[in-house]
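Number of protein chains: 2
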Amino acid sequence: MSIRYKMTMAYDGHLFHGFQTQRNQRTVQGTVEAALTKMTKGKEVIVQGSGRTDAGVHALGQVIHFDYPGNIIPPKRMLFALNSMMPLDIVFRKSEIVNKNFHVRYSTTGKWYRYRVSLDKFTNPFKRFYTGHYPYPVDVSKMQRAAQDLLGTHDFTSFAASGGQIKNKIRTMYYVNVQEDKKENEVIFDFICSGFLYNMVRILVAMLLEIGNGKRPINDVPRIIKAKNRQEVRETAQANGLFLYHVFYEDIPKKHRQDLDL
Amino acid sequence: MSIRYKMTMAYDGHLFHGFQTQRNQRTVQGTVEAALTKMTKGKEVIVQGSGRTDAGVHALGQVIHFDYPGNIIPPKRMLFALNSMMPLDIVFRKSEIVNKNFHVRYSTTGKWYRYRVSLDKFTNPFKRFYTGHYPYPVDVSKMQRAAQDLLGTHDFTSFAASGGQIKNKIRTMYYVNVQEDKKENEVIFDFICSGFLYNMVRILVAMLLEIGNGKRPINDVPRIIKAKNRQEVRETAQANGLFLYHVFYEDIPKKHRQDLDL
Chain A
1 MSIRYKMTMA YDGHLFHGFQ TQRNQRTVQG TVEAALTKMT KGKEVIVQGS
51 GRTDAGVHAL GQVIHFDYPG NIIPPKRMLF ALNSMMPLDI VFRKSEIVNK
101 NFHVRYSTTG KWYRYRVSLD KFTNPFKRFY TGHYPYPVDV SKMQRAAQDL
151 LGTHDFTSFA ASGGQIKNKI RTMYYVNVQE DKKENEVIFD FICSGFLYNM
201 VRILVAMLLE IGNGKRPIND VPRIIKAKNR QEVRETAQAN GLFLYHVFYE
251 DIPKKHRQDL DL
Chain B
1 MSIRYKMTMA YDGHLFHGFQ TQRNQRTVQG TVEAALTKMT KGKEVIVQGS
51 GRTDAGVHAL GQVIHFDYPG NIIPPKRMLF ALNSMMPLDI VFRKSEIVNK
101 NFHVRYSTTG KWYRYRVSLD KFTNPFKRFY TGHYPYPVDV SKMQRAAQDL
151 LGTHDFTSFA ASGGQIKNKI RTMYYVNVQE DKKENEVIFD FICSGFLYNM
201 VRILVAMLLE IGNGKRPIND VPRIIKAKNR QEVRETAQAN GLFLYHVFYE
251 DIPKKHRQDL DL
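Chains as they are written, first to last, in the UniProt record's numbering: chain A, 1 to 262; chain B, 1 to 262.
Hint data in this document are derived by calculation from the structure and do not stem from the laboratory.
A couple of the hints might just be wrong.
Identical chains share a label here; the pair holds if one copy fits it or two copies do between them.
To be verified - Restricting the straight-line Cα-Cα distance to at most 30 Å, the calculated cross-link-like pairs of lysine-lysine (DSBU-like) are:
hint: 1; residue 1: 43; residue 2: 183
hint: 2; residue 1: 41; residue 2: 121
hint: 3; residue 1: 127; residue 2: 182
hint: 4; residue 1: 76; residue 2: 121
hint: 5; residue 1: 121; residue 2: 43
hint: 6; residue 1: 76; residue 2: 183
hint: 7; residue 1: 254; residue 2: 182
hint: 8; residue 1: 255; residue 2: 182
hint: 9; residue 1: 182; residue 2: 76
hint: 10; residue 1: 127; residue 2: 94
hint: 11; residue 1: 127; residue 2: 43
hint: 12; residue 1: 169; residue 2: 226
hint: 13; residue 1: 38; residue 2: 127
hint: 14; residue 1: 254; residue 2: 100
hint: 15; residue 1: 226; residue 2: 254
hint: 16; residue 1: 167; residue 2: 43
hint: 17; residue 1: 255; residue 2: 183
hint: 18; residue 1: 127; residue 2: 76
Given the structure is predicted, the values throughout are model-derived calculations rather than measurements.
Here chain A stands alone, though its shape is the one from the complex (with noise of 0.2 Å):
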């Protein structure tokens, strides 16, 4: 017997290399198995990510699932004790038992990611590990209005970087936003989407900082989604200012499906 726990947690990435486990590597998902290996005295217990997030990149609402066995431990309890065994840049957030048929990876309904870009020219210290750095000028509006071409279902094929394993890359993107935060001196890029194809975040941001600074033209996203072709972008943002932002298991809500009827 097992109990499913889903739950909810934030991490700094900066010092982890990435999520999945690798050998000899700090990951977050080997350090929640160690710690709750620990809590079984020894069974294995196996974590599932709703997503593997990179070295460098970091989490305000990451969820994952686990079986544990043996008797329920309830849901607060149950934070409590990994909060406790969490190393400083691990938190839980929040924690839940949830049916068998609940797969932290495949019942997702999409995923909101946030991207900081801080435009300083020099990196603010406080900021170098969760900001991306872009030191040249940008035309915000440009960007908001190139981003609109990004909504609705499309093959984004141009925006996945080669290493990712799935074949469909058709997914529909309800949500886009760009907007400047002038006290911080930064711009946040905002994006819910079905589901993201490898580097898709970081990659679309580099794509939209080149069309705020000029580089590109504002119509050039229709075409670069139709050339299905990852060299027509070839910059990819830093990892650095990425962050898993939320992770939707119901229906994306209304305010979340930006001019779309969908």
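Got chain A; can you put chain B on it based on the hints?
Chain B only, in chain A's frame:
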């Protein structure tokens, strides 16, 4: 011949062994001096700081001066040159040429330190290097009221850790503020004083938290000041949460001389 430069800088202290040069340790002063020595092609340049922040302590407005040998470099160019040579955890904000009777330590009229405390039960991973941590209930209004007793000119011996070399421990506290940031679940402490003794802010914060938590009476401050005994407050808040916020070289502005006719 040499030119004296006054420069304002920010740094993330968490990977430095403090400000002051130490053999075989990564320090702020050592990092800046190494860059200047490169610029002079080997001539030693000594950097003077307004104060020596401890390991883990951050700065938003640290001020340094140094005498640069040879021809005048315009301040903007000096700013750019030094920033280009700095690691990502240091940034220079401002550069000025000053008269040789300006001294970054002897010319100050006061300093402003800020201390951030997270009240979260488990530390937010993104704040672990930038806040102290006090996961206990606190009554902010009690701390606000008690803090007022620090204002004015006092012998602050009770709040000075051993290790300081200065005998005269009389200072003038111009401004104290304790505020709650409910959104961040933090308490922010601000202190503007004519000068700070060794670990003084961290000891003051530890004492105020004890008052906020009800471990000490709200009117304990005058008694502790009068005792002139470091043993009165045994706790010292962590270095992590402390920021050197601003150094004053002009008269302390009226708005920062709280309820005082000084």
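Hint-by-hint comparison with the structure:
{"no.": "1", "hint": "43 - 183", "result": "neither (50 Å within a copy, 40 Å between copies)"}
{"no.": "2", "hint": "41 - 121", "result": "between (52 Å within a copy, 26 Å between copies)"}
{"no.": "3", "hint": "127 - 182", "result": "both (15 Å within a copy, 22 Å between copies)"}
{"no.": "4", "hint": "76 - 121", "result": "between (45 Å within a copy, 13 Å between copies)"}
{"no.": "5", "hint": "121 - 43", "result": "between (51 Å within a copy, 29 Å between copies)"}
{"no.": "6", "hint": "76 - 183", "result": "between (38 Å within a copy, 23 Å between copies)"}
{"no.": "7", "hint": "254 - 182", "result": "both (28 Å within a copy, 29 Å between copies)"}
{"no.": "8", "hint": "255 - 182", "result": "both (24 Å within a copy, 26 Å between copies)"}
{"no.": "9", "hint": "182 - 76", "result": "between (40 Å within a copy, 23 Å between copies)"}
{"no.": "10", "hint": "127 - 94", "result": "both (27 Å within a copy, 19 Å between copies)"}
{"no.": "11", "hint": "127 - 43", "result": "neither (40 Å within a copy, 33 Å between copies)"}
{"no.": "12", "hint": "169 - 226", "result": "within (13 Å within a copy, 73 Å between copies)"}
{"no.": "13", "hint": "38 - 127", "result": "between (35 Å within a copy, 27 Å between copies)"}
{"no.": "14", "hint": "254 - 100", "result": "within (28 Å within a copy, 65 Å between copies)"}
{"no.": "15", "hint": "226 - 254", "result": "within (28 Å within a copy, 63 Å between copies)"}
{"no.": "16", "hint": "167 - 43", "result": "neither (35 Å within a copy, 61 Å between copies)"}
{"no.": "17", "hint": "255 - 183", "result": "both (26 Å within a copy, 23 Å between copies)"}
{"no.": "18", "hint": "127 - 76", "result": "between (33 Å within a copy, 23 Å between copies)"}
Hint check: violations occur at hints 1, 11 and 16; the rest are consistent with the structure.
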